[in-house]
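Participant: In case you want the letters, here they are:
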Amino acid sequence: MSSRLRTAVYGVAGVVVLLVIAQIIGTTGLLGPTWPPITEVAAFLFDPSNHRLLGNALAATVSEAALGGLIGIVAGIGFALIAALLPLLAPGLDRFAALIDAVPAIALAPFLILVFGREGTPVIIVALSVTFIIYISTSSGLDSAGRPYRDLFSVLGARRAVRLGRVDVPAALPKLFDGLTLAAPAMILGATIGEWFGARRGLGVLFVSAMQNYRIELLWSAAVLAVLCSLIVYGAALLAQRAVVRRFA
Amino acid sequence: MSSVLQQASVTAPSTGSTREIALTGVAKTYPLKRGASVTALAGIDLEIADGEFVALLGPSGCGKSTVLRIVAGLEQPSTGTVSVGGASPQALSKAHRLGVAFQEHSLLPWLTVRQNITLPYKVAGRPVDTAHVRELIDLVGLGGFEDARPKHLSGGMRQRASIARALVLDPDVLLLDEPFGALDAVTRRRMNKELARIWAELRITTLLVTHDVDEAVLLADRVVVMTGRPGRIRHIEGIDLPLREHTELTRSPEFHEIVDRLTGMLETTKAA
Ligand SMILES: Nc1ncnc2c1ncn2[C@@H]1O[C@H](COP(=O)(O)OP(=O)(O)OP(=O)(O)O)[C@@H](O)[C@H]1O
Ligand SMILES: [Mg+2]
Numbered sequence: 019m020s021s022r023l024r025t026a027v028y029g030v031a032g033v034v035v036l037l038v039i040a041q042i043i044g045t046t047g048l049l050g051p052t053w054p055p056i057t058e059v060a061a062f063l064f065d066p067s068n069h070r071l072l073g074n075a076l077a078a079t080v081s082e083a084a085l086g087g088l089i090g091i092v093a094g095i096g097f098a099l100i101a102a103l104l105p106l107l108a109p110g111l112d113r114f115a116a117l118i119d120a121v122p123a124i125a126l127a128p129f130l131i132l133v134f135g136r137e138g139t140p141v142i143i144v145a146l147s148v149t150f151i152i153y154i155s156t157s158s159g160l161d162s163a164g165r166p167y168r169d170l171f172s173v174l175g176a177r178r179a180v181r182l183g184r185v186d187v188p189a190a191l192p193k194l195f196d197g198l199t200l201a202a203p204a205m206i207l208g209a210t211i212g213e214w215f216g217a218r219r220g221l222g223v224l225f226v227s228a229m230q231n232y233r234i235e236l237l238w239s240a241a242v243l244a245v246l247c248s249l250i251v252y253g254a255a256l257l258a259q260r261a262v263v264r265r266f267a
Numbered sequence: 008m009s010s011v012l013q014q015a016s017v018t019a020p021s022t023g024s025t026r027e028i029a030l031t032g033v034a035k036t037y038p039l040k041r042g043a044s045v046t047a048l049a050g051i052d053l054e055i056a057d058g059e060f061v062a063l064l065g066p067s068g069c070g071k072s073t074v075l076r077i078v079a080g081l082e083q084p085s086t087g088t089v090s091v092g093g094a095s096p097q098a099l100s101k102a103h104r105l106g107v108a109f110q111e112h113s114l115l116p117w118l119t120v121r122q123n124i125t126l127p128y129k130v131a132g133r134p135v136d137t138a139h140v141r142e143l144i145d146l147v148g149l150g151g152f153e154d155a156r157p158k159h160l161s162g163g164m165r166q167r168a169s170i171a172r173a174l175v176l177d178p179d180v181l182l183l184d185e186p187f188g189a190l191d192a193v194t195r196r197r198m199n200k201e202l203a204r205i206w207a208e209l210r211i212t213t214l215l216v217t218h219d220v221d222e223a224v225l226l227a228d229r230v231v232v233m234t235g236r237p238g239r240i241r242h243i244e245g246i247d248l249p250l251r252e253h254t255e256l257t258r259s260p261e262f263h264e265i266v267d268r269l270t271g272m273l274e275t276t277k278a279a
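Sequence order for the protein chains is A and B. With our numbering as the guide, the letters of the first sequence map in order to residues 19 to 267. With our numbering as the guide, the letters of the second sequence map in order to residues 8 to 279.
Check before you lean on any hint, since a few could be wrong.
[Claimed, not checked] To give a feel for the contact side, a few chain B residues facing chain A, derived at Cβ under 7 Å:
#, residue
1, Ala79
2, Leu81
3, His103
4, Leu105
5, Val107
Treat the hints as calculated values from the structure; they're not laboratory data. No residue lacks a Cβ here, since even glycine has one placed at the ideal position from N, Cα and C.
Please take these sequences and the hints and turn them into a complete structure.
Facilitator: Written out as structure tokens, the structure reads:
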């Protein structure tokens, strides 16, 4: 318990040190005018007159990330289950997933915009990257039950689907949740990048317009919100992952 | 306690089919890296009659678990044939008529003791006989630990849970791989006694792998002594001791004569 407290203290201290350094860089202008003092960014964030603008953008990005994440999780788990039940399809699915992941979202963007429209593109970009991460982590998880368990189910006369449900899936949960902690930051990142291609609302839109209009505080505020969002989703995924490991590993 | 046995015989009416095990000319080689291979078994001929209890003794690494895995249908013999009740071992496991307690306990870590023991019912798609499960839990001395997870149990308790799981469907054939290895001497003898009692009632065809010569002689109709590298059968001892209380039996000179002879055989085997 005391060692956990110590880690927490170190963590907080580290963040404080970083903030102080950032503040010093900002006030001294060490890295030029695009690095404002942190206090100015905070003031912008807490100014009620900015809340509607920031709030709308945040809500748009979060809902795209959530929808895309949900699609990605369902699709990733679904493909992994298909690959496990129909081993003939597994190599094809592996290669297809690797191919999708190897093509950068930027390169796919024109095609995605044509098919899914400007508002749909962020959701699809999130879904694609989450599908890949969850597919890989779930597939390796479904393979992780040891030989003793497979032997047990074969002497019990279990059909493949029964073994899948009673051993492979529970044994896969820790790896699946590992995948979720990786997917969490990718969700916010994917949504933000997806919004660069002409979406009407979102943190990504704020990035683009703040850069074009040289509104440094707005740019930084949007970045802070994106990072905070990522951290919160990541933290939630990490808590869930720990609980799952305690139960299933 | 005898109600367990009555219940068992009610839920598992004798199928009338024979349940003998036959290994004929069985050899097993495992491929190793770079084209090398290891011969785990060579020329194994062994018949276990319907309702017979056979114990397998031998030094570590001589292939006892390999014999058991071949009978369980988990490994294919490289040459030779294996049959259980005239059919393949897989046919027996597909019919949910095989009970196995493995050397590694293989309890599912996310299930409680009770859930682990009821697992064979779930896999077979049969309704759980809770009274039977309850009595098996008491029989292996795990009463009060039904809702514990395996990681909170000692090694010996896990082994007892996996014995209960192997017995729960009243199998036709029972395969036990050093099931009492992690138990203290006293609990071990108590479990031996319980197993002997269940077994006398149900007459399950049983193959028991053990390192304990006393245990083998106490429980088995025949004791098979193996030698290693490659694994072969060195000697088969028919045990024909008068039916007596275990503690009484272990004190008898006939019992000691057999145990000493088999122990001597194991010692020379190890030295070889
Ligand atoms: N999957 C495998 N691959 C390669 N070699 C194996 C495999 N399983 C067993 N062996 C080899 O076969 C031989 C017999 O192994 P086995 O597990 O049957 O021995 P055992 O008599 O059960 O030993 P113990 O008493 O220590 O459990 C050993 O030499 C082992 O190295
Ligand atoms: Mg062994």
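Participant: Work down the list of hints and note, for each, if the structure agrees.
Facilitator: Going down the list of hints, with the structure as the test:
{"no.": "1", "hint": "Ala79", "in the structure": "5 Å, holds"}
{"no.": "2", "hint": "Leu81", "in the structure": "5 Å, holds"}
{"no.": "3", "hint": "His103", "in the structure": "5 Å, holds"}
{"no.": "4", "hint": "Leu105", "in the structure": "5 Å, holds"}
{"no.": "5", "hint": "Val107", "in the structure": "5 Å, holds"}
The structure is consistent with each of the numbered hints, conforming to all of them.
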